[in-house]
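Chains as they are written, first to last, in this note's numbering: chain A, 1 to 136; chain B, 137 to 272; chain C, 273 to 408; chain D, 409 to 544; chain E, 545 to 680; chain F, 681 to 816.
Simulated from the structure, these hints should not be mistaken for lab results.
Each residue gets a CB set at the ideal place from its N, CA and C atoms; glycine is no exception.
There may be inaccurate statements among the hints.
Listed below are several chain F residues computed to face chain C (Cβ distance under 10 Å; list not exhaustive) [stated by the list, open to error]: (1) Lys688; (2) Thr731; (3) Ile734; (4) Asn765; (5) Asn787; (6) Met789.
Number of protein chains: 6
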Amino acid sequence: MKVTVSRKAHFNAAHRLYRKDWNFEKNEDIFGKCNNPNFHGHNYELIASVTGDIDKETGYVIDMKVLKDIIKSEVEDAFDHKNLNLEVPEFTDLNPTAENIAVVIYNKMKSKLDSNLELEITLYETPRNFVSYSGR
Amino acid sequence: MKVTVSRKAHFNAAHRLYRKDWNFEKNEDIFGKCNNPNFHGHNYELIASVTGDIDKETGYVIDMKVLKDIIKSEVEDAFDHKNLNLEVPEFTDLNPTAENIAVVIYNKMKSKLDSNLELEITLYETPRNFVSYSGR
Amino acid sequence: MKVTVSRKAHFNAAHRLYRKDWNFEKNEDIFGKCNNPNFHGHNYELIASVTGDIDKETGYVIDMKVLKDIIKSEVEDAFDHKNLNLEVPEFTDLNPTAENIAVVIYNKMKSKLDSNLELEITLYETPRNFVSYSGR
Amino acid sequence: MKVTVSRKAHFNAAHRLYRKDWNFEKNEDIFGKCNNPNFHGHNYELIASVTGDIDKETGYVIDMKVLKDIIKSEVEDAFDHKNLNLEVPEFTDLNPTAENIAVVIYNKMKSKLDSNLELEITLYETPRNFVSYSGR
Amino acid sequence: MKVTVSRKAHFNAAHRLYRKDWNFEKNEDIFGKCNNPNFHGHNYELIASVTGDIDKETGYVIDMKVLKDIIKSEVEDAFDHKNLNLEVPEFTDLNPTAENIAVVIYNKMKSKLDSNLELEITLYETPRNFVSYSGR
Amino acid sequence: MKVTVSRKAHFNAAHRLYRKDWNFEKNEDIFGKCNNPNFHGHNYELIASVTGDIDKETGYVIDMKVLKDIIKSEVEDAFDHKNLNLEVPEFTDLNPTAENIAVVIYNKMKSKLDSNLELEITLYETPRNFVSYSGR
């Protein structure tokens, strides 16, 4: 019996969408207001969903406290109140679009979970725009 | 790396659920209050979800502005503040249930997207009732 | 000790904003898309808030079941799945703007409550637009 | 054309997470505050999602009133305002974790649906923690 | 310049509505399903709103961390995962209706705030029912 | 008959909380993570609430399109995708706390409204923290 267990969390951060190897005009053309060199920011809402078998002893797929701690160490401590471009190493050479942030979070969290557990990351950049990634 | 990018939108409209080839009693029996000949209405909340590979140059699956424009031209301009039965051609002979509206939106939007992108439509008819369709 | 007790409810309805004593052009100019002669519609979300003293015996300001029943008889049964212009007598000669609907709901519900209870009506016409009225 | 139709519902209940065959210390170690022998409780928010073909006559996958009635008889009447451990037979020997509650709801509802309809249960234990199960 | 600063928090708990000095039938008549002797429970959502002048030096009415700590010590540590009737002293002889819980929270938190700050407590017992109290 | 009409809007921005006339240590002590010199950011959710008499001709307190346009020119065009400290003149010498942002928005919008209309600004800095200001 495969059950998916999900937990919501959030962090807020500044970012800028641009490529260092493009000039300002091309970045402005592709990324528009998101290319503001002084940065803008978001409240990112995260849903981490873990799928696996129910443990017959505990009735848990994963102890929610364990999942909460992995989110805290891998996401909140790493990203919250940060400038993603300047202070988070994964984005030194990677454009911090919602898509790329979701993939980075997936890779960081997946490595901390039992290998028989599947993971899906859903990330809201604004209340109206969100992305999801499950390693496929 | 397949990522799903979703955007929320909304429109409001009047509609009536009934079949022209049934008499009033049969429509009343099947569709109840939704068969009101004077119409009733809803705030429809839409989530359009597009799945595809991340473009390595931009970090986008699809530019959110492109997705927003397709939603505007195919859904908002066509349905918002309209009477679905009387003013939207797709429903001249098709009962505007939430299921059928979702399929119509899917077909209209899918034809505007690159063929290598998948689409899923989620449509809230009320805060408690919603449907989803992904072309399968 | 004055406490306010609130209950959420909802109904959906069709309506048209216009004045019978104006011509179509003037109605179109003032009410825009809301003047569609074929009607449009909304999911109206209602919050009814009743303020009064806590009853020392029960610990209630008002029994929520009583409030729920008043909302049902005065609002849901009267407005749900209706065409406000054609089927709700209060709007025969009153434009069913959110403001006017809130006042009508206030007057209907206030008359069913103990006179020492205050009432405030909050009405969402869409998730982004709402009005409130408390009889002042 | 497979469409998924979803309806939200809710119930509130008391519960305690523990195993009768473990001593208090082991239960405390594994289940923490959730092992409170005096119980605690939740507002459980349920989303029941039914997938099937659109009926060409009605335009429905399932009449929402039918789905609402199944939720009422199988979930709300059985669980609402109850102590899950003491008053719901399915949990006499089954730990009422969110995972196990979702499986129990799935089994109860699935048996009432046409066999060609698929079912997925999503259950929020708190606004931040939720699980889903679809019989796989 | 008076500004109101609000913070949301939550706790979950079991409770039973009844009076010890009434017999079971009278309690059942007045409190219905809420009189279940085995208890039921809720996710209580709290909004604590503090009104005062903006401090010209910091630009704060109150440091959100201070407000968060008061909510934690006075509400979360005292009520979360508890049986309100059996484990929270304030309800030994006080019926734990939403109204009375809001007043208890108000009194506990008010005593920890500077006397020149006003407080309003809003407490959701379910997503559809909530109460508010501001000491008047 | 005084009715309050509210409209939601949003913008996202980067900011830093600090005073130029304090050294880094004092700013760090008072503003903690919010003093990050590389900035962080938020999705700010705005509710602008306008109170006045219902116009007997139109049934409106204020035309929602007028309110929407004032929000766009005074708030969205001025703040969205901006760095509040570096790019919004009002915050050159004013710490952009939620409290101060609400007061600035109030002052900008109030000057564009008829003088007989009252205004209240509610501003969510995160889904859990918000402030409100009504000129008193």
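Is the interface hint satisfied for asparagine 765 of chain F? The criterion is a beta-carbon contact with chain C at less than 10 Å. 29 Å, violated
Hold the hint about asparagine 787 of chain F up to the distance rule: shortest CB distance to chain C must be less than 10 Å. 23 Å, violated
Holds or violated: is there a CB of chain C closer than 10 Å to the CB of isoleucine 734 of chain F? This hint holds: isoleucine 734 of chain F lies near chain C, its Cβ roughly 5 Å from the closest one there, short of 10 Å.
Classify the hint on threonine 731 of chain F as holds or violated, based on whether any CB of chain C lies nearer than 10 Å to its CB. With a minimum Cβ separation of about 9 Å from chain C (threshold 10 Å), the hint on threonine 731 of chain F holds.
Using 10 Å as the Cβ threshold, decide whether lysine 688 of chain F counts as touching chain C. Because about 4 Å separates lysine 688 of chain F from the closest Cβ in chain C, which is inside the 10 Å limit, the hint holds.
Per-residue hint verdict: methionine 789 of chain F, partner chain C, C-beta under 10 Å: 16 Å, violated
Violated hints for the displayed structure, listed by number in ascending order: 4, 5, 6.
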